[in-house]
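**Q** Single-letter residue listing:
Protein chains: 2
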Amino acid sequence: MPVVAVVLAAGFGTRFDEDNPKQLVSLGGKPIVCWSIEAFENNDRVSDIIVVVNDRVEETVSELIDQAGYAKVRAIVPGGAERVDSTLAALDLLRQSGIPSDAKVLIHDGVRPFVEQRSIDGCIDALDRFNAATVAFASTDTILLTKDLGDRKVVGSVPDRLDAYRAQTPQAFRFGTIVKAYELASADPDFHPTDDTRVVVDYLPDEPVAIVEGSETNLKITTPSDMPIAEGIANSLDPEHVKEAAKARMHEVFAEAFSQMHGHGFGR
Amino acid sequence: MPVVAVVLAAGFGTRFDEDNPKQLVSLGGKPIVCWSIEAFENNDRVSDIIVVVNDRVEETVSELIDQAGYAKVRAIVPGGAERVDSTLAALDLLRQSGIPSDAKVLIHDGVRPFVEQRSIDGCIDALDRFNAATVAFASTDTILLTKDLGDRKVVGSVPDRLDAYRAQTPQAFRFGTIVKAYELASADPDFHPTDDTRVVVDYLPDEPVAIVEGSETNLKITTPSDMPIAEGIANSLDPEHVKEAAKARMHEVFAEAFSQMHGHGFGR
Numbered sequence: 001m002p003v004v005a006v007v008l009a010a011g012f013g014t015r016f017d018e019d020n021p022k023q024l025v026s027l028g029g030k031p032i033v034c035w036s037i038e039a040f041e042n043n044d045r046v047s048d049i050i051v052v053v054n055d056r057v058e059e060t061v062s063e064l065i066d067q068a069g070y071a072k073v074r075a076i077v078p079g080g081a082e083r084v085d086s087t088l089a090a091l092d093l094l095r096q097s098g099i100p101s102d103a104k105v106l107i108h109d110g111v112r113p114f115v116e117q118r119s120i121d122g123c124i125d126a127l128d129r130f131n132a133a134t135v136a137f138a139s140t141d142t143i144l145l146t147k148d149l150g151d152r153k154v155v156g157s158v159p160d161r162l163d164a165y166r167a168q169t170p171q172a173f174r175f176g177t178i179v180k181a182y183e184l185a186s187a188d189p190d191f192h193p194t195d196d197t198r199v200v201v202d203y204l205p206d207e208p209v210a211i212v213e214g215s216e217t218n219l220k221i222t223t224p225s226d227m228p229i230a231e232g233i234a235n236s237l238d239p240e241h242v243k244e245a246a247k248a249r250m251h252e253v254f255a256e257a258f259s260q261m262h263g264h265g266f267g268r
Numbered sequence: 001m002p003v004v005a006v007v008l009a010a011g012f013g014t015r016f017d018e019d020n021p022k023q024l025v026s027l028g029g030k031p032i033v034c035w036s037i038e039a040f041e042n043n044d045r046v047s048d049i050i051v052v053v054n055d056r057v058e059e060t061v062s063e064l065i066d067q068a069g070y071a072k073v074r075a076i077v078p079g080g081a082e083r084v085d086s087t088l089a090a091l092d093l094l095r096q097s098g099i100p101s102d103a104k105v106l107i108h109d110g111v112r113p114f115v116e117q118r119s120i121d122g123c124i125d126a127l128d129r130f131n132a133a134t135v136a137f138a139s140t141d142t143i144l145l146t147k148d149l150g151d152r153k154v155v156g157s158v159p160d161r162l163d164a165y166r167a168q169t170p171q172a173f174r175f176g177t178i179v180k181a182y183e184l185a186s187a188d189p190d191f192h193p194t195d196d197t198r199v200v201v202d203y204l205p206d207e208p209v210a211i212v213e214g215s216e217t218n219l220k221i222t223t224p225s226d227m228p229i230a231e232g233i234a235n236s237l238d239p240e241h242v243k244e245a246a247k248a249r250m251h252e253v254f255a256e257a258f259s260q261m262h263g264h265g266f267g268r
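Residue numbers (full-length UniProt numbering), protein chains in the order written: chain A, 1 to 268; chain B, 1 to 268.
Check the hints yourself; a few may be wrong.
Put simply, identical chains are the same to the list, so a pair is met inside one copy or across any two.
[As the list claims (entries may be wrong)] Calculated pairs, DSSO-like style, for lysine-lysine (alpha carbon to alpha carbon, straight line, at most 27 Å):
no. : residue 1 : residue 2
1   : 30        : 72
2   : 180       : 147
3   : 147       : 30
4   : 72        : 147
5   : 180       : 30
6   : 220       : 147
Hints are computed from structural coordinates only; laboratory data are not their basis.
Please work from the sequences and hints to get the whole structure.
**A** Right, here's the structure in full:
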């Protein structure tokens, strides 16, 4: 039974830096997309990986995968303008490859580098009992649902905190289930999902979607202001990197100290 | 017109480290509660600060405030078992001090060290037009409202992402409004709010609560796993700290290098 991870790395990151595709930005010395691919490469239960890219990053991602020697990556496929187009590109490829309808498919944001192994395992396990599952993290913040009051947003309602989860990824489906949900959705002219789980919730409302425990650190890198947070997590995961970074900073500190002592730009 | 900040630092942090009260843990060389107090101390429009503590941290917090010389702190008051008891302790003190019912009161979690000045200003401004406001941050994650299916949580509904905000603090009220909401609430035997905004939403449903823009970095420190994230933010805010930390790590790196070269614990 194939367990396929689809890593979506086709975003243009308009809220990030236009000249610097976020999936290629380095965290602790490793591009974000590599963190995401490795999470599945390192999970023994995942059999295959598909990486979805855009024109701009395709060549670099392809080189990175070659250099790293990720053995499970079966295809690097071009995505589309919207997230949903990228998911559909991967599902099309899987259909062409003839995978069975009960294969397990885990769809992951390529810019969530810190997904934990227990969340990936949790998805694979949940699909033994459910046809759809999503990693989600219980919100430590109270969630407010807002409404517009003239030009101003105000609180509309406050759901019970114990029921409010932040959706993360992977989002996992039996192949036949996600294909069917997208078929129904594509017949709807108002279809603009931002999320694969939402497609199942909206178009297969009788299909329960199981919650799989995520983590605070499984964040999606969206804006440059997420980078200090992500660096903090990367440092905590990789003590070697901390040492390397400390050495690099040591040189900076020395250079600055010398510069202050000698009044010139020594070492820069 | 008084603008009073109430900093709630009475939590026992049961999800943190029981032997290490989280409000006293150091971030970038400064205890978390001091970051929170300073945010209001440094805002020219805030006139007074009340800090709510528990027995365990009272003495230390008091010393920290003395040492730092925070000039706006008017009182350090004991809180209660629940967050609501701590808010009520502060409101009682304000009533005894005779502040007017249209005074502006900003209630802040003492373990949200990185609140931005623009959010504090936003609260003070919002109260010119509304009697209640809360800092909140548009969720970058899709929010899932869950329900129980036997022993498992499953997705119940998915609100529109544009309407889903994560409540942060400060939460700001005209004094008369928050007092009235709590009076109505205290008559309700099922009253167990986790949040001051919720008290207004539930007991004064006709009172609109304005949303004030927060930030991803205005996080609430809840568990030890939040600390690497918080360190990353503290580092990004304080370049001096980065240099100090780099020097400290430099010594570690040298000590380790020597130890490896010479086979002993040199420098430790």
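**Q** Hint by hint, which ones does the structure fall short of?
**A** 3, 4, 5
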